[in-house]
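4 protein chains.
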Amino acid sequence: MSSFWGNQLHISIFGESHGKGIGVVVDSPPPGIKLDIDAIRAFMLRRAPGRTPWSTPRKEEDTPEILSGFYHECTTGTPLTAVIRNSDTHSSDYGNLVQVPRPGHGDLTGSIRYKGFNDIRGGGHFSGRLTAPLCFAGAVSLQILEKQGIQIYARIKEIAGIEDVPLDPARPPMQELSQLRLKSFPTLDDSAGSSMIDAVEKARMELDSVGGIVECFITGLPAGIGDPMFGGLEPRLASMLYAIPAVKALSFGSGFDICRRRGSENNDSPFYSDEGGQRHITYKTNHSGGVDGGISNGMPVVFQLGIKPTPSISLEQDSIRLSDKTDAKLVIKGRHDPCIVPRAVPVAEAAAAIVILDSLMGSGWFGGRNA
Amino acid sequence: MSSFWGNQLHISIFGESHGKGIGVVVDSPPPGIKLDIDAIRAFMLRRAPGRTPWSTPRKEEDTPEILSGFYHECTTGTPLTAVIRNSDTHSSDYGNLVQVPRPGHGDLTGSIRYKGFNDIRGGGHFSGRLTAPLCFAGAVSLQILEKQGIQIYARIKEIAGIEDVPLDPARPPMQELSQLRLKSFPTLDDSAGSSMIDAVEKARMELDSVGGIVECFITGLPAGIGDPMFGGLEPRLASMLYAIPAVKALSFGSGFDICRRRGSENNDSPFYSDEGGQRHITYKTNHSGGVDGGISNGMPVVFQLGIKPTPSISLEQDSIRLSDKTDAKLVIKGRHDPCIVPRAVPVAEAAAAIVILDSLMGSGWFGGRNA
Amino acid sequence: MSSFWGNQLHISIFGESHGKGIGVVVDSPPPGIKLDIDAIRAFMLRRAPGRTPWSTPRKEEDTPEILSGFYHECTTGTPLTAVIRNSDTHSSDYGNLVQVPRPGHGDLTGSIRYKGFNDIRGGGHFSGRLTAPLCFAGAVSLQILEKQGIQIYARIKEIAGIEDVPLDPARPPMQELSQLRLKSFPTLDDSAGSSMIDAVEKARMELDSVGGIVECFITGLPAGIGDPMFGGLEPRLASMLYAIPAVKALSFGSGFDICRRRGSENNDSPFYSDEGGQRHITYKTNHSGGVDGGISNGMPVVFQLGIKPTPSISLEQDSIRLSDKTDAKLVIKGRHDPCIVPRAVPVAEAAAAIVILDSLMGSGWFGGRNA
Amino acid sequence: MSSFWGNQLHISIFGESHGKGIGVVVDSPPPGIKLDIDAIRAFMLRRAPGRTPWSTPRKEEDTPEILSGFYHECTTGTPLTAVIRNSDTHSSDYGNLVQVPRPGHGDLTGSIRYKGFNDIRGGGHFSGRLTAPLCFAGAVSLQILEKQGIQIYARIKEIAGIEDVPLDPARPPMQELSQLRLKSFPTLDDSAGSSMIDAVEKARMELDSVGGIVECFITGLPAGIGDPMFGGLEPRLASMLYAIPAVKALSFGSGFDICRRRGSENNDSPFYSDEGGQRHITYKTNHSGGVDGGISNGMPVVFQLGIKPTPSISLEQDSIRLSDKTDAKLVIKGRHDPCIVPRAVPVAEAAAAIVILDSLMGSGWFGGRNA
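Quick mapping for you: the protein sequence lines, in order, are chains A, B, C and D. Here my numbering is used: the first residue of the first sequence is 1, the next is one more, and so on. Here my numbering is used: the first residue of the second sequence is 1, the next is one more, and so on. Here my numbering is used: the first residue of the third sequence is 1, the next is one more, and so on. Here my numbering is used: the first residue of the fourth sequence is 1, the next is one more, and so on.
Each hint should be verified, as a subset may be incorrect.
Treat identical chains as interchangeable: a pair holds within one or across any two.
[To be verified] Derived pair list, reagent style DSS-like, types lysine-lysine, alpha-carbon separation capped at 25 Å:
(1) K325 to K115
(2) K284 to K325
(3) K183 to K202
(4) K115 to K147
(5) K183 to K147
(6) K115 to K34
(7) K284 to K329
(8) K20 to K325
(9) K34 to K20
These are computed hints drawn from the structure, not numbers from a lab.
All chains, full assembly: derive it from the sequences and hints.
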């Protein structure tokens, strides 16, 4: 009981890194939504490995086969299922037991949890590869949201301590951010991006890895979506974002900075604007990240995800040998990313899209008397 | 659909700040657990208002009346319910509509969400007062966990930029932390605490407020509790912690710092220890906050909660008047805390306890063949 | 984890028969629905004991106190909570253990399940008294549904083998059925009702009890509500109706009779009708009970509930004495209904109303773009 | 939100009758359970079409491909997924709209629910074919239960009014019932079975269909499994059994017969037995079907499922043409079973097994301190 999520839009993710395949059941998107399969594939390619120097050379086509819920190019309203076959697996038989668990991974904890029966090849069900079906579900959700005027874009905010340009959470440049989907290294400031790439490459050469921060912006969400307490947008987003491997920190709006502010500085005051022709409520600042009392206030929903440095590194590490209960040295041979942050960018967008779509559906957005 | 949470241990919270009462149904703790009602009350008093200069002078006895699930001093195994009557409410009739919403609160978003029908007196269901029943459920959970050797202590880590002593997440001083329950201002370093109190008092005199960070430590949790993906300890803790009003950031272990580290620095390596007589696996460091792959690794589970400055301040603020769609000035008259952080300390412990108990129950901890 | 139910409308029931009180949290009805509290009380009185010769003489006012979610005579949209105090309890201390469990009750199974810690006085959380908060939630749901043109009426179909008039599930006489709410013994045929009362009275005089069947009709539900598979109206109704104590059988439409029919007799054929001015789809027959593929077809939703004879009887019965593991004779002294069927009529309506409201909310009925 | 079910063992079913494939995610069986794949296939073949004169000639191999959660012949503890490819589909393009809906099917209600976008070929997601993945999940659950000493066998109790031998729910002949798995027409009384086959054949020749009743027996379940109210075994079994297409009635133990009994006749009295060497509680009768207060009492859990006659018949039927809003005649050309009851027998066993396994897991059966 671990790998499903959702209230109105329910996803169930399955698979292991080196098993036959991975996939997701999405139960169920609203019916009659035309899906652009090429756009879904393009979205998933942003996450796929093997395309850049800073990602693992494992090559996976990651082509989702849609098994159900899609007919005449539209969602049917019944469960939408996609399966991705694993192909480029290099798992000389690991046997059935972890011998020397990799630090920073779920090797040891998973082995304890499952009494040694889980498939530990390539991380098994704990592998970052399981974000591929999450991206499928997210790409579908994004397309549905875009038809409702809701847009979600993320970027690399920071890698190895090098920061992209700071952005005002009240006025994110969505047009520029949208262009990042075309870049393999999605920063707004190319020179910062270039420095980050250098830092990643340096870490790789030194058989090490680096971490960073992804920042995500959601615009077009009207005020009034979400619920108080456990149904709030923050707890619901967090319940999914923290399921992304390597995420160890999450903040909204101005994040931990607000802890050092005074209320008079931090409060976002509403005002009436006539911009666009119709009098409406808006805010000058957006320290809250677009959510008050768990409910959207009409401003961009903004969050930052702290991503740890890839735990799989080529440097020799200390670990243990379970079979004879002794300490041991570990050199990881497999393929791995020296920095997972660029590939986490589409995953953050995907996760956010699923949560927002679920919240919209929970508010009856796609329903009504003729449902 | 907002105010319930849980898989195996299910809580349902209800009430409004100025209504008849607030409370919680806990469905259901394991049967036959002897509860110390005085200790529950003492725990709840740590959160209760009106006891210190830095909390709202609203005085509430906050005495929970247990309506069900408790018999012969023990849990029965069927739903445990507590109701707390509201007494010291000063709600000259607000009418049924928000006129000038308070910035940083759920006044405006709640009003949009509920079409103006929610009870907005004192924040209604959005009020921080709803953490009182959460503390009841948490105090019960804590007592159950303590009998299993699991301890949960939180502290003020930082207020207004002033920091308490840094702690190694691998070796938190649980004995000292446990003594903080007796202090009205729970910092380890009294002189830092004193500076924080000064900063809070200064903010109060200036009709303003300050924020801060709470840090929480869970020890005694064995390795192997939790699940991969959405069932992980981090997403599950986050799904509850972000429901606490004023929480805007959350991190585990070394938090956002890990984003600037290399993998070789950040990975926690396991080793065998014979300390205590029995060979067991432990770790030198605990940057991960005790969770790998969503599952506990036997080290302390450690997290930091970023708390925003209390949005209710006495300084005049900009807002809007909804009735005539004009901008307006707002001076909040009610009673409020210049800093909510000290009262958030027991709330963090309570929330963590509920999540950990639910996770233990989900792992079959209290069950077995004779269940 | 036992006493909560629901997807979009979530109810959490608590309490024990002889504890301080019982109640329910309803999280949450749509906001802004004006509730008629007198009508709720009148509805609940139909279930309340002590009003007729065929019900237990235990007198309970059963007045619900609404603690939250109700403001200015309307639902707020946040959790609606009602508590009913237990008053007329005659529980000379039972001690903490079942000694001689009552056959046909949860005394023994509950004691095993909860290791002897459950409150067994008067049946504790297993008591039929727990249907009082269900009726509160149901009465609220019924009022909301009635404003949407949906009506739910049940009747006694049969007691002790004596049947009320058979009704065509395609054309139930809702006007006549609505009048049954005013009768303490709700049958359409007064003479059948009179015979049933005689049979109940005869059983009571002979220190015994009788069972029967309740039939319930839901009209005004448009076609298209519900889902395939586990989200179907039948599984969802069944998941609640089988939670009513003493229910041991449930059927829809023509019930078990259809098992003996041919498809050509049993299929309900649609046709177009111009009755009422607008061309619409309807059906001549309604063997299916208004549900095809789990989804309403616009015809009345009809079901029958088989209620067992009250297990508490005054006749001496065989049982066991747990303390010394011997067989024992049991004479039940307490107060009990010789026939629970009349009081089950409003409970069936209440349960059905909650499920239908949840299903409507799940279809986005109360939502829409401005939600 | 329709096709997933479960608390501790969670299943998510997907697919359409004539789409690429159908399947199920089971999240997750306990780890380390050795599965006999041949036995799973054999179990599923009992449900598969095309093997007997009374089932549709559609031939489907129905071979499940296990994509995840199975490694070294054992469950891993992470999601177990099986996909069944659709092969023998004869769907000359139906277009995207139901034109003349089949009476008794979800064609019309599904079309309304999904605004015409659902895949209606062969019934789509509403097809009885979706019970194939349910049987996969059930076959796995059965193997796990059998290792715990729990057995589940169903039989044809009645077809077309012809009854198999009556069985005492207190003492079902499990040995004989187990042999029914080898029979294509699972009745205990071969002569009754033969008459039933004749009745089915007669209906088929007359282009019609017949219904019947399946009865299921669960033995070996210890007392104390289940919960009061909505967590009871009856509501939980019902929530799954009513999801089986064509089920319109369900009863436990002595079913609707108990409605005509007196309490003194119907109550099952416990007594102490020394049979088998150890003093234990048992019952002479089992009118309750092994469940008191929602919780197992140690006697066999027994239920009856009322199955309607197959709605797809070859006789001309009345229906409507949606395109021009006129009444129309319908002759169904496709392949269909003249009686679905024999194929419902393994489906009932499968559904029961999933529910019982989920309930055992919820009671912590597979857990404990070393989990």
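Hints versus structure:
Taking identical chains as interchangeable, the C-alpha atoms of K325 and K115 lie at most 25 Å apart only when both belong to the same chain, with a minimum of 16 Å there against 39 Å between chains. Taking CA atoms no more than 25 Å apart as the test, K284 paired with K325 passes between copies only; the shortest distance there is 17 Å, against 60 Å inside one copy. Within a single copy, K183 and K202 get their C-alpha atoms as close as 21 Å, which meets the 25 Å cut-off; across copies the closest is 49 Å, which misses it. Proximity of K115 and K147 under a CA criterion of 25 Å is satisfied inter-copy only: 18 Å between copies versus 46 Å inside one chain copy.
Taking the shortest Cα distances, K183 and K147 sit within 25 Å of each other inside one copy (23 Å), while across copies they are farther apart (54 Å). Only between protomers do K115 and K34 lie at most 25 Å apart by alpha-carbon distance; the minimum there is 14 Å, versus 44 Å within a single protomer. Taking identical chains as interchangeable, the C-alpha atoms of K284 and K329 lie at most 25 Å apart only when they sit on different chains, with a minimum of 15 Å there against 55 Å within one chain. Neither within a single protomer nor between protomers do K20 and K325 lie at most 25 Å apart by alpha-carbon distance, with minima of 32 Å and 49 Å respectively.
For the identical chains of this complex, K34 and K20 are inter-copy neighbours only, at 19 Å across copies versus 29 Å inside a copy, given an alpha-carbon limit of 25 Å.
Of the numbered hints given earlier, the model fails hint 8 alone.
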